[in-house]
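Engineer: Letter by letter, the chains look like this.
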Amino acid sequence: MQQFFQALMAGLADGAIFASLALALVLIYKATEVINFAQGEMAMFTTYIAYALLTHPHFGHTLSYWPAFFMTLVIAFVFGVGLQRVVIKPLEKASVLTVVMATIALLVILNGLAAWIWSPELKFFPSPFPTSTWVIGGVHISKQDTGTFGVTLACVFVLWLFFRFTKLGLAMRAGAVNPVAARLLGVRTSWLLALGWGFAAVLGAVSGMMSAPTNFLSPSMMQAVLIFAFASAVLGGLESPVGAVAGGLGLGVLLSMLGTYVHPVTPELRLPVALLILLVVLLIKPAGLFGRVVVRRV
Amino acid sequence: MKPRLAYLGFVVLVAAVVIAPLLSSNYRTFQLAFVGIYLIALLGLNILTGLTGQISLGHGAFMGVGAYATTILVVDHGWNNLLTLPVAGVVAGLAGLAFGLPATRFAGPYLALATFAIPLSFIGLLKRFPHFTGGTLGKQLPSVHSQFGFHTNPSVWVYWTSWIVALVMFVVAWLIVRGRFGRALRSVRDSEIAATASGVSTAGVKTVAFGISAFYCGVAGGLFAIAVTYVNPDTFPIDLSILLLVGVVLGGAGSLGGMVFGALFVEFIRITWGPALLDLFSQVHHINTRAPGSSLVVYGVVLLLVLYVAPAGAAGLVRRLVTGKAAVAAWAKQSQMPAEDQA
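Top line first, the protein sequences correspond to chains A and B. Residue 1 is where the first sequence starts when you use this note's numbering, and the numbers rise one by one after that. Residue 1 is where the second sequence starts when you use this note's numbering, and the numbers rise one by one after that.
Chain A with its partners taken away, still in its complex shape (with noise of 0.2 Å):
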C-alpha cells in the first residue's frame, strides 16, 4: 500500500510538470493553430535564467529562492511576448507550415545557446521544499512531490481565473475563437497572440523550474517532458485546457504505476510508452478524451 501512494504522489507530481507545459502548447494551439515546438526550450531556457540569478551575484548579492522564481516568471513572459513579436510575427501572413518551421529554428537556437552560455553538463538546481517526508498512517509522502504538484496547479489555477474573470481573458478567447469577428469588434488580435506566447513562457518557465531540482539542469532537459507533454495533450484532446491537465496527470500517475509494477518497463521506455500511449489513443480515439470530434465537410 505504501508503495502504492509512494509511486502515486511521484507521478502526480511528474504529472503536474506535464500538465503545465501540455497547457502551455494548448493555449497556443487554441490561439494560432500552431504547435510551438519551441516550448520545452523556451521552458529550459528560462530554467537556466533562474540558475543564473540564484548562483550569480547581481548587484551584489545572490538572490533567493523565491524572488528569483517570481523574478524568472516576469523576465520568462517579456521573453515570450519578444519572440512571437520578433521571430513569430513577420511570418503573419505565411502558411502553418512555414510557422511551424520556425518555431523549430527556435528550439534549434535556444538549445545551443544554453549548451554554450553554460556548458552542457548537468547541473544541480535547488528545491525549495526539503527532501524530508511526512509520515501519515504509515505512508511516506515526499515533501518534494507534493510541493511540485502544488505550485505548478497554482499556476495553472490563476490562469484559470485569468482567462474566465478578466475582460483581457475573454478578449483571448474570443481572439482563438473567431479571430475575424474578435477584430471586428476592436479586439488587438495580433498582440494577443503575443500575450499568449508569454503565458505559455510562465507556464513553461513553472514546468523547468519544478523539473529541474529531480531530472537536473541541461541543455536537453525538457526534451523529453516536451513530449510526455504532448502526448498528455493528445490524451486530453489536444484543444481542452481541462483535457491537457487531467492527461498530465494521468499519464504521469500511468507511467510511475508502470514503472513501479511492471518489472520490463525500465526508465529508459518512459518514452516509447508514452510514444506507444500516443499512438494508441490515436487509433482509437483520435479526438482524445475530451476533445471535440471535428467534422469537416468535403
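Bear in mind the hints are in silico, worked out from the structure with no lab data behind them. Since the structure is predicted, the reported quantities are computational estimates derived from the model, not experimental observations. Please note that a few of the clues may not be correct.
[What the hints assert, rightly or not] Restraint-style ranges between C-beta atoms, simulated for each label pair:
{"#": "1", "chain 1": "A", "residue 1": "164", "chain 2": "B", "residue 2": "5", "range": "28 to 38 Å"}
{"#": "2", "chain 1": "A", "residue 1": "119", "chain 2": "B", "residue 2": "305", "range": "23 to 33 Å"}
{"#": "3", "chain 1": "B", "residue 1": "75", "chain 2": "A", "residue 2": "130", "range": "46 to 56 Å"}
The beta carbon of each residue, even a glycine, is placed where N, CA and C say it ideally should be.
Could you slot chain B onto chain A? The hints should help.
Structural biologist: Only chain B this time, still in chain A's reference frame:
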C-alpha cells in the same frame, strides 16, 4: 522547370559526381561520400515534407534503424554489406509504415510533434535491449577496402557506392513523384479538403509517403554505418533529424534537384562552413565560438534566414536565375513554402 533543363541538370550532376573524386583529396572524397548519403535521406524526407507537406522531426531515427539493421546483419550474421542495404531500407520503411499508420491521422503540425518522439524513443530502445544492439557501447563494423575484386581505399569505395545508390534512388524518386501518385501527394499538401473531394485518400497517401521516406532514410543509414564503421545510440541524435529537415528547407522543399544543395549544406555546415563562420565571428567579438552548442545556433539562424529571405530554398534561387523573377514572385505568393515539381 522545363523538362529539358531538368535533364541537363541531371547530366551535370552525374558529370560532377564522376569528376569530383579526381580533383579531391582523400579526406574531401570521404566528405563528398557523405553528401551522397545525405542526398538519399533528403530525397526521402523531401517526398514527405516537400511534396506531401508533412513535417517530420524523426527521420534521423529511421537512418538509425537502417544503420543498425546493416550493422547487425554484417557483424552478427556475416552478410555482405552491400546486400544489407535493401534490407536496411525495408526494415526502416516498415517501421515508418507502422508509425505512419496511426500518426498520419494528425493534421500537419501534430504529426511533426509526434515524430519528435521517435529519435528520443529510439535511443531509449537501443539502450534497453543491449544484447541485440550493443547498448551504449554500440557496435563496430569492419572497414571496407575491396569488393567484387575491386580494390581501393575505403574513402573511394564509400564514395562510389553511396553516389551510385544515390543517383539510382534519385531517378526512382523522380519516377515516383512525376506521375499520378506525385500529383496525389501535392494535392494533399496544397489542400487536404480538395484532395479528399477529388477522391484521394489523404491518410493513405500520407502513410505511404511516410513509408517511402523512411525506406530512403533506412538505405542512407545503412550506407552511413558502412562509412563510419561504428554505430552507437549517440550516432543518430535528435540534432541529425533536425539537420535533415533544415537541409530539405534550405535545398528547396519539393524540388528533387534542390536536395543536392541541401545535402552539400548538411555535410559542409557541420564540418567546414559552420566552424569557419564561427571563427570569423569570434575574431570580431572575442568569444569562444568553438564551445558546444555554437553549431546548433548556426543551423537555427540559417534556417530562420532561409524562411524569411528565400522560402523556396536554393532551388528557388536557381529557378529565379533561370526563369526570371516574375514567375517566382507569383509562385511565392501562392504559398510561403512553395514547392516545385521536379527541378
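Engineer: The structure should be examined with respect to each hint, and the outcome stated for every one.
Structural biologist: Hint-by-hint comparison with the structure:
1. A:164 to B:5: 28 to 38 Å: violated, 60 Å
2. A:119 to B:305: 23 to 33 Å: holds, 27 Å
3. B:75 to A:130: 46 to 56 Å: holds, 51 Å
Consistency with the previously given hints fails for number 1 only.
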